[in-house]
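Trainee: If you want the building blocks of each chain, they are given just below.
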Amino acid sequence: MLDAGTGREPLVRVRDLKMHFPIHSGLLRRRTGAVKAVDGVTFDISQGETLGLVGESGCGKSTCGRAILRLYDITGGSVTIAGRDVAHAGPNELRRMRPTMQMVFQDPQASLNPRMTVARIIAEPLDEHTRLSRAEKTARVHDLMDRVGLNRAFANRYPHEFSGGQRQRIGIARALALNPRFIVCDEPIAALDVSIQAQVVNLLEELQDSLGLTYLFISHDLSMVRHIADRVAVMYLGKIAELSPRDDLYADPLHPYTRALLSAVPEPDPEAAAASSRTILTGDVPSPANPPKGCNFCTRCPSVMDICRRIDPDFREVAPGRHVACHLYDTTQDGRPTAAPIPTRQGETP
Amino acid sequence: MPQNAPVLDVRDLTTIFHTRTGEVHAVNGVSFDLRRGELLGVVGESGSGKSVTMMSLIGLLPTPPAEIRHGTVTFEGRDLLRMDDAGLRRIRGDRIGFVFQDPMTSLNPVFPVGHQIAEPLRKHMRLNRRQARDRAVELLELVGIPDAARRLGDYPHQFSGGMRQRVMIAIALACDPDVLIADEPTTALDVTIQAQILELVKDLREKLGMAIVWITHDLGVIAGIADRVMVMYGGQIVEHAAVREMFARPRHPYTRALLKTVPSVRGRREPRLTVIEGQPPILTAAPDACPFRDRCAYRFDACDRRNPPRFDVGPGHDAACFWDFDADAPRGRVAAHA
Numbered sequence: 001m002l003d004a005g006t007g008r009e010p011l012v013r014v015r016d017l018k019m020h021f022p023i024h025s026g027l028l029r030r031r032t033g034a035v036k037a038v039d040g041v042t043f044d045i046s047q048g049e050t051l052g053l054v055g056e057s058g059c060g061k062s063t064c065g066r067a068i069l070r071l072y073d074i075t076g077g078s079v080t081i082a083g084r085d086v087a088h089a090g091p092n093e094l095r096r097m098r099p100t101m102q103m104v105f106q107d108p109q110a111s112l113n114p115r116m117t118v119a120r121i122i123a124e125p126l127d128e129h130t131r132l133s134r135a136e137k138t139a140r141v142h143d144l145m146d147r148v149g150l151n152r153a154f155a156n157r158y159p160h161e162f163s164g165g166q167r168q169r170i171g172i173a174r175a176l177a178l179n180p181r182f183i184v185c186d187e188p189i190a191a192l193d194v195s196i197q198a199q200v201v202n203l204l205e206e207l208q209d210s211l212g213l214t215y216l217f218i219s220h221d222l223s224m225v226r227h228i229a230d231r232v233a234v235m236y237l238g239k240i241a242e243l244s245p246r247d248d249l250y251a252d253p254l255h256p257y258t259r260a261l262l263s264a265v266p267e268p269d270p271e272a273a274a275a276s277s278r279t280i281l282t283g284d285v286p287s288p289a290n291p292p293k294g295c296n297f298c299t300r301c302p303s304v305m306d307i308c309r310r311i312d313p314d315f316r317e318v319a320p321g322r323h324v325a326c327h328l329y330d331t332t333q334d335g336r337p338t339a340a341p342i343p344t345r346q347g348e349t350p
Numbered sequence: 001m002p003q004n005a006p007v008l009d010v011r012d013l014t015t016i017f018h019t020r021t022g023e024v025h026a027v028n029g030v031s032f033d034l035r036r037g038e039l040l041g042v043v044g045e046s047g048s049g050k051s052v053t054m055m056s057l058i059g060l061l062p063t064p065p066a067e068i069r070h071g072t073v074t075f076e077g078r079d080l081l082r083m084d085d086a087g088l089r090r091i092r093g094d095r096i097g098f099v100f101q102d103p104m105t106s107l108n109p110v111f112p113v114g115h116q117i118a119e120p121l122r123k124h125m126r127l128n129r130r131q132a133r134d135r136a137v138e139l140l141e142l143v144g145i146p147d148a149a150r151r152l153g154d155y156p157h158q159f160s161g162g163m164r165q166r167v168m169i170a171i172a173l174a175c176d177p178d179v180l181i182a183d184e185p186t187t188a189l190d191v192t193i194q195a196q197i198l199e200l201v202k203d204l205r206e207k208l209g210m211a212i213v214w215i216t217h218d219l220g221v222i223a224g225i226a227d228r229v230m231v232m233y234g235g236q237i238v239e240h241a242a243v244r245e246m247f248a249r250p251r252h253p254y255t256r257a258l259l260k261t262v263p264s265v266r267g268r269r270e271p272r273l274t275v276i277e278g279q280p281p282i283l284t285a286a287p288d289a290c291p292f293r294d295r296c297a298y299r300f301d302a303c304d305r306r307n308p309p310r311f312d313v314g315p316g317h318d319a320a321c322f323w324d325f326d327a328d329a330p331r332g333r334v335a336a337h338a
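Here the protein sequences come in this chain order: A and F.
Take 1 as the starting number for the first sequence in the UniProt record's numbering and just add one per residue.
Take 1 as the starting number for the second sequence in the UniProt record's numbering and just add one per residue.
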C-alpha cells in the first residue's frame with residue numbers, strides 16, 4: 001500500500017482523514033460553511049520510520065498531526081495506531097492509548113507550564129498514567145533528563161531559566177516519559193536559532209535509533225525535512241499533493257507544487273543562486289473555506305490544463321512508492337500518459 | 001556597484017541596555033559602511049545585535065532603557081547620533097526607509113493602507129491629497145499589488161501576509177529613500193511568498209538604485225541577494241566579506257560552523273548534521289575575550305586574554321579571529337583592521 005515497500009508493518013495508518021471546522025455567521029450564528037483544514041488525507045507510517053509532512057502555513061499540516069492524535073474529534077476517515085482505532089475510540093479507551101502516542105510542540109515557551117519545575121513537567125505524564133512510587137518517578141525523570149541532554153542538577157528549575165533549545169529538550173523528555181511508540185513533532189525546531197536547530201534534530205535522531213521511535217515530522221523547512229525524513233508528504237490546502245521517498249522527492253519532484261516549493265528554497269551558495277532559474281508562483285494560497293473547483297492548486301499551477309479546473313485529480317501511485325495527485329500523470333486505459341510530461345528540473349546542478 | 005562612496009558610515013557603535021539585573025551589552029564597537037546602490041547582508045542569530053545595531057543608528061530605541069554609549073553614524077555629512085528628534089524624524093521615512101519583520105504589527109490596523117502610504121508623502125514631500133493618492137497607487141503598482149487603485153481603501157487585515165509585506169515596502173519606498181533597512185522582512189512569510197518578495201527587491205534595486213541593509217538569519221536568502229555580508233555574533237561583527245568570498249572562503253570559526261550546520265535541499269545530504277555545541281553568550285559586560293570562544297573548536301590561550309580585532313584576511317575580507325586558517329596556525333603579528 002502506501003508504505004515504502006520495506007515490508008515493515010505500518011504502525012500508523014491514516015485513511016481519508018477529514019477535519020472540517022464549521023463557520024458560523026449571521027445574527028443566529030447559523031452554520032454557513034466549513035474550513036476544510038484537512039480534506040481527505042491518506043498515508044501509512046512504518047515502525048521506526050520518519051514521515052516528513054511539509055507545506056506552507058495554513059495548508060493543514062498541524063491540524064492533520066493533531067487530528068491523528070485525536071486532539072480533535074475528526075470529521076471523517078480513520079486513524080489506526082499500533083492496530084487500534086484512535087479515531088473512534090471512547091474516552092476511557094482513548095486514555096489507555098495515550099501513552100503510545102505523544103506530541104512535541106512548536107513553541108516550548110507556550111507548551112510548558114511556567115509555574116511547574118522541570119521535574120514536575122516531565123513527571124506529569126507519569127502521575128497521570130502510571131502507579132510509580134515517588135522514588136521511582138524521580139529516577140525516571142533523571143533518566144529522561146540524561147537521555148535528552150539536560151543536566152540533572154537543573155531538575156528543580158523553572159522553564160524560563162532555560163534557553164529555547166533546552167526548553168525544547170524538556171518538551172521532548174515529557175513526550176518520552178511513557179515510552180511512546182509514535183511521536184508527532186509539530187514544527188519542533190521552527191522557534192529555534194539555526195545553530196540550536198541542529199542540536200535538537202540530532203537528538204531526535206539519536207532517540208529514534210535507540211528507542212525505535214516512529215515520527216511524523218511536521219515542518220515548513222524543506223531542507224531540515226530532507227535531513228530527517230525517510231519519506232515526505234507535501235500538503236497543499238488540506239490535501240496531499242505528493243508523497244514520495246525522500247531522495248526521489250528532492251531529486252525528481254513530480255507535482256508542480258512540489259517543484260515550485262523546492263525551487264523557492266533559497267540555496268546557501270551564491271554561485272548556484274546566480275545560475276539556477278526559479279519557478280516563482282504567482283498569487284497566494286486560496287482560502288480553505290472556499291477552495292477552487294477541480295484541483296485545489298489550479299489557480300497557481302504553472303502547468304494548469306483545462307481538466308484541472310473541472311476535476312479534482314485522484315491521489316494515486318504512479319511509480320513504486322511514489323504517489324501524486326495531478327492530472328499530468330493521468331493515463332489512458334492502455335496505460336499511456338494523456339498529457340505530455342513536464343520537463344524535469346532545469347538549471348540546477350545534480 | 002560602481003560608486004564606492006559610502007552613504008552611511010558607522011564607527012564604533014556601542015549600545016547597552018539598562019535592565020533590572022544589570023547592563024546588557026547588546027552592540028559592542030560595530031563599524032561598517034554602506035555604499036551607494038549596494039545590498040549589504042547582515043547575518044546573525046537572535047541576540048547577536050543585528051537588529052539593535054540598525055535601530056540604534058536611526059534612533060528607534062527608547063532611551064532609557066537603551067543607551068548609545070559610543071560611536072558615530074555619518075549620513076549625508078551629519079552624525080545621526082547627535083541629531084535631535086525632529087531632525088531624525090525628517091530623515092526617517094524620507095531619506096532612510098524601514099521594513100520590519102512582522103507586517104501585521106507594523107501597519108496600523110485602523111487606517112486603510114492608502115492613508116498609511118500617503119501619510120509620509122504629505123508630511124515629508126508636501127504633496128497634496130490628490131498627488132499623494134496618485135503616488136500611492138504608483139507605489140502599490142511598483143510593489144506588484146494587483147488592482148492597486150481599488151485596494152487603497154482596504155485595511156491591513158484584508159491583505160495576505162505577503163501582500164502586507166509589499167505594502168510595508170511601498171511605505172518604506174514612498175519618499176524615494178537613499179537607504180532601505182530591512183529587518184528580517186521575509187522571515188514570517190512562506191517560502192513561495194518569500195521568493196516573490198526577493199524577486200521584487202532585486203527588481204526594485206535595479207529600478208531605483210538605493211542602498212539596502214538586509215538583516216536575516218537565513219544564509220540562503222543572503223546568498224541570493226547580497227553584494228557584501230557581515231556576520232554578527234555576541235554584539236560584534238566577526239566576519240565581513242563580499243558574498244561569494246564569504247561562502248567560498250569563510251575565515252571565522254563561527255561562519256564556518258554556521259555554513260556547515262544548515263542542511264541543503266539540493267547538494268549532498270550529510271548523514272549527520274554538524275552541531276555548534278553550547279549556547280550564545282550572555283552579554284552582561286563589555287567583552288574582554290572572544291565571545292565565541294566557549295563554542296569554538298580552534299580556541300587557544302590568546303582567545304581568553306583578548307577580544308580579537310578584525311584582521312584583514314583577503315581583499316575586502318576581514319575576520320575577528322586569532323586563528324589563521326590559511327596558515328592553519330595562530331595568527332602572527334598582523335595589522336588589524338581599523
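Read the hints as simulated data drawn from the structure, not as lab findings.
Errors might be hidden in some of the hints.
As the list claims (entries may be wrong) - For lysine to any residue, the following SDA-like pairs were computed, each having C-alpha atoms within a straight-line distance of at most 20 Å: (1) F:Lys-123 to F:Asn-108; (2) A:Lys-293 to A:Asp-330; (3) F:Lys-202 to A:Ser-277; (4) F:Lys-260 to A:Ser-277.
Stated by the list, open to error - Computed spacing ranges between beta-carbons, pair by pair: (5) A:Arg-31 to F:Asp-147: 31 to 37 Å; (6) F:Arg-89 to A:Pro-22: 46 to 52 Å; (7) F:Ile-282 to A:Arg-131: 38 to 44 Å; (8) F:Asp-301 to A:Glu-161: 31 to 37 Å.
Unchecked claim - Negatives, chain A to chain F, calculated, CB over 12 Å: (9) Arg-29; (10) Arg-84; (11) Met-97; (12) Gly-212; (13) Leu-222.
We put the CB at the ideal spot given by N, CA and C, even for glycine.
Trainee: Now tell me, hint by hint, if it's right for this structure.
Mentor: Here's how the hints hold up against the structure:
Of the pairs offered as hints, the one joining F:Lys-123 and F:Asn-108 holds, with about 17 Å between alpha carbons and a cut-off of 20 Å not exceeded. A C-alpha spacing of about 18 Å is found between A:Lys-293 and A:Asp-330, which places the hinted pair at or below 20 Å, so the restraint holds. Taken as a hint, the F:Lys-202 and A:Ser-277 pair is honoured in the structure, with Cα atoms around 14 Å apart against an allowance of 20 Å. About 24 Å separates the Cα atoms of F:Lys-260 and A:Ser-277, which puts this hinted pair outside 20 Å; it is violated.
For the pair A:Arg-31 and F:Asp-147, the beta carbons lie near 32 Å from each other, so the given range of 31 to 37 Å is met. Between F:Arg-89 and A:Pro-22 the beta carbons are some 49 Å apart, a value that agrees with the proposed interval 46 to 52 Å. As the Cβ distance of F:Ile-282 to A:Arg-131 is approximately 42 Å, the hint placing it in 38 to 44 Å holds. Checking the proposed 31 to 37 Å range against F:Asp-301 and A:Glu-161 shows it holds: the Cβ atoms sit about 32 Å from each other.
Annotated as non-interface, A:Arg-29 keeps its C-beta farther than 12 Å from every C-beta of chain F; the closest such distance is 21 Å. Every Cβ of chain F is farther than 12 Å from the Cβ of A:Arg-84; the closest lies at roughly 34 Å, confirming the non-interface assignment. The claim that A:Met-97 is not at the interface with chain F holds, since no C-beta of that chain comes within 12 Å of its own (minimum 33 Å). The claim that A:Gly-212 is not at the interface with chain F holds, since no C-beta of that chain comes within 12 Å of its own (minimum 19 Å).
The non-interface label for A:Leu-222 is inconsistent with chain F: the shortest C-beta to C-beta separation is roughly 5 Å, within 12 Å.
Going down the numbered hints, you'll see the structure goes against 4, 13, while the others check out.
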